[in-house]
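J.: Sequence:
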Amino acid sequence: MDKEGVVIIYIHAYIHNTHTHTHTMELYSSIKKNEIRPRAATWMDLEISILSETQQWPQDWKTSVFIPIPKKGNAKECSNYHTIALISHAGKVMLKILQARLQQHVNCELAEVQAGFRKGRGTRDLIANIRWIMEKAREFQKNIYFCFIDYAKAFDCVHHNKLWKILKEMGIPDHLTCLLRNLYAGQEATVRTGHGTTDWFQIGKGVRQGCILSPCLFNFYAKYIMRNAGLEETQTGIKIAGRNINNLRYADDTTLMAESEEELKSLLMKVKVESEKVGLKLNIQKTKIMASGPITSWEIDGETVETVSDFIFGGSKITADGDCSHEIKRRLLLGRKVMTNLDSILKSRDITLPRKVRLVKAMVFPVVMYACESCTVKKAEHRRIDAFELWCWRRLLRVPWTARRSNQSILKEISPGISLEGMMLKLKLQYFGHLM
1 MDKEGVVIIY
11 IHAYIHNTHT
21 HTHTMELYSS
31 IKKNEIRPRA
41 ATWMDLEISI
51 LSETQQWPQD
61 WKTSVFIPIP
71 KKGNAKECSN
81 YHTIALISHA
91 GKVMLKILQA
101 RLQQHVNCEL
111 AEVQAGFRKG
121 RGTRDLIANI
131 RWIMEKAREF
141 QKNIYFCFID
151 YAKAFDCVHH
161 NKLWKILKEM
171 GIPDHLTCLL
181 RNLYAGQEAT
191 VRTGHGTTDW
201 FQIGKGVRQG
211 CILSPCLFNF
221 YAKYIMRNAG
231 LEETQTGIKI
241 AGRNINNLRY
251 ADDTTLMAES
261 EEELKSLLMK
271 VKVESEKVGL
281 KLNIQKTKIM
291 ASGPITSWEI
301 DGETVETVSD
311 FIFGGSKITA
321 DGDCSHEIKR
331 RLLLGRKVMT
341 NLDSILKSRD
351 ITLPRKVRLV
361 KAMVFPVVMY
371 ACESCTVKKA
381 EHRRIDAFEL
391 WCWRRLLRVP
401 WTARRSNQSI
411 LKEISPGISL
421 EGMMLKLKLQ
431 YFGHLM
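Residue 397 in full-length UniProt numbering is what sits at position 397 of the sequence shown, and the numbering runs on without skipping anything.
A hint or two may mislead.
[Stated by the list, open to error] Subject to a maximum C-alpha distance of 27 Å in a straight line, what follows is the list of computed DSS-like cross-link-like pairs (lysine-lysine):
| no. | residue 1 | residue 2 |
| --- | --- | --- |
| 1 | 168 | 265 |
| 2 | 337 | 281 |
| 3 | 96 | 142 |
| 4 | 96 | 72 |
| 5 | 205 | 281 |
| 6 | 356 | 71 |
| 7 | 361 | 412 |
| 8 | 96 | 205 |
| 9 | 168 | 153 |
| 10 | 347 | 317 |
| 11 | 265 | 277 |
| 12 | 71 | 96 |
| 13 | 96 | 165 |
| 14 | 72 | 136 |
[Stated by the list, open to error] Pairwise CB distance ranges, derived in the manner of DEER restraints:
| no. | residue 1 | residue 2 | range |
| --- | --- | --- | --- |
| 15 | 168 | 107 | 12 to 20 Å |
| 16 | 345 | 193 | 31 to 39 Å |
| 17 | 277 | 176 | 44 to 52 Å |
| 18 | 345 | 241 | 48 to 56 Å |
| 19 | 195 | 398 | 58 to 66 Å |
| 20 | 198 | 80 | 14 to 22 Å |
| 21 | 135 | 366 | 18 to 26 Å |
| 22 | 426 | 197 | 24 to 32 Å |
Calculated from the structure, these hints are not laboratory results. We put the CB at the ideal spot given by N, CA and C, even for glycine.
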């Protein structure tokens, strides 16, 4: 352990918080790049902080080791990799404290339409909102227009000086902004591959990868863009129960909506202009338009914006007609794929039947049930869901459809307890309670 890794500096304002947040870290998680185990934080008295007079971070806490992980496509292309960052585990204690300090400002400043990395909110809320908005539009026979914005490398294009200015405008205390500025000043990183480690290099742009503060900081950045674009004050958008909704956001994933093509295009151009002012650029090739009414072809900066009839939003398929049957069929197909991939495990004679049943419920059924809280399930989909469940149990028992065994005998042998449909209904009721 290097010298900087064991530095203990006390700030009375943070002592209580240090105790609180170190307990939230996993004591048995993997060793990070400086080989400080999480358990060592307990030995270090759990009161790591920055000297109040200097507010300077140990250099070891400002370094990162990037490990490239290949995605699909040609492995010789750098763009076909994503990276994970190993950062100091001791430094995460301080980051937890800062996160708690920023949280109160997050709740005050961020709008309800931002669901990214916020407690009690998630993708299911955005999916439910879009589905319900489309249902209401269909009920009142109104056309609705969506623009699903994709930013090019959004988190990596954040300008640090602009970020500090935005934090000040958002009312973040100066001492917190100073701590963040000093954390970002003099950052160094290296890339570790199977052939060795590169030389250390400086990082002068983007929020820190692997840092728990990065989503929060980017949410402030996105809030600034939307506010300057006038989306919070404009009356353009979807009007429901006296409220005007023109955007939904999950971190950098932004969806604009309006009741006419002209209004939607106006919103998009405003967001584009304000985004470019702070260094973010739209990826026109991945930005999509979806409409329930007639729409013409759009061109932005010489590139055509594609119009689609369906879009994968937050992991769920949203169609222009608002019909959930397409998503249910897609989920059942994904569930079949997972079930097929488990064949080698389910064939094992060393695993008991009850354990195999629990495995299916833990790995297959959640894939099918994702975002089912807001799905409208028709009779045909009910039959498909029941058929899928029985297909899973027959495959688990290695019983072909040609075998003369009734569904009741299969269910009796499996003893699954609550059915897949029952589990979906339970999720719907839980979500109803969450909303109430």
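J.: Determine for every hint whether it applies to the structure shown.
T.: Cross-check of the supplied hints:
1. Distance restraint check for residue 168 and residue 265: the Cα-Cα separation of roughly 31 Å exceeds the 27 Å cut-off, and the hinted pair is therefore not satisfied.
2. With a C-alpha separation of about 36 Å, the suggested pairing of residue 337 with residue 281 is violated against the 27 Å cut-off.
3. Proximity of residue 96 to residue 142 is assessed by CA-CA distance (about 46 Å); at most 27 Å being required, the pair is judged violated.
4. Only pairs whose Cα atoms come within 27 Å are accepted, and residue 96 paired with residue 72 is rejected, the gap being roughly 34 Å.
5. The suggested pairing of residue 205 with residue 281 holds, with an alpha-carbon distance near 14 Å, which does not exceed 27 Å.
6. Restraint check for residue 356 and residue 71: not satisfied, since their Cα atoms lie roughly 30 Å apart, outside the 27 Å limit.
7. With a C-alpha separation of about 17 Å, the suggested pairing of residue 361 with residue 412 holds against the 27 Å cut-off.
8. A C-alpha spacing of about 22 Å is found between residue 96 and residue 205, which places the hinted pair at or below 27 Å, so the restraint holds.
9. Annotation: proposed proximity of residue 168 to residue 153 holds, straight-line Cα distance about 24 Å (limit 27 Å).
10. For the suggested pair residue 347 and residue 317, the alpha carbons sit about 33 Å apart, so the restraint of at most 27 Å is broken.
11. Only pairs whose Cα atoms come within 27 Å are accepted, and residue 265 paired with residue 277 is accepted, the gap being roughly 19 Å.
12. In summary, the hint linking residue 71 to residue 96 is not supported, as the alpha carbons are separated by about 30 Å, beyond the 27 Å threshold.
13. Of the pairs offered as hints, the one joining residue 96 and residue 165 holds, with about 23 Å between alpha carbons and a cut-off of 27 Å not exceeded.
14. With a C-alpha separation of about 39 Å, the suggested pair residue 72 and residue 136 falls outside the 27 Å cut-off, and the hint is violated.
15. A beta carbon spacing of about 19 Å between residue 168 and residue 107 agrees with the range 12 to 20 Å that was offered as a hint.
16. Taken as a hint, the range 31 to 39 Å holds for the pair residue 345 and residue 193, whose Cβ atoms sit roughly 32 Å apart.
17. Checking the proposed 44 to 52 Å range against residue 277 and residue 176 shows it is violated: the Cβ atoms sit about 24 Å from each other.
18. In this structure the supplied range 48 to 56 Å holds for residue 345 paired with residue 241, their Cβ-Cβ distance being about 49 Å.
19. For the hinted restraint 58 to 66 Å between residue 195 and residue 398, the CB-CB distance of approximately 46 Å leaves it violated.
20. For residue 198 paired with residue 80, a C-beta distance near 19 Å keeps the hint of 14 to 22 Å intact.
21. Under the hint 18 to 26 Å, the C-beta atoms of residue 135 and residue 366, about 25 Å apart, fit the expected range.
22. Against the hinted window of 24 to 32 Å, the Cβ-Cβ separation of residue 426 and residue 197 comes to about 49 Å, which falls outside the hint.
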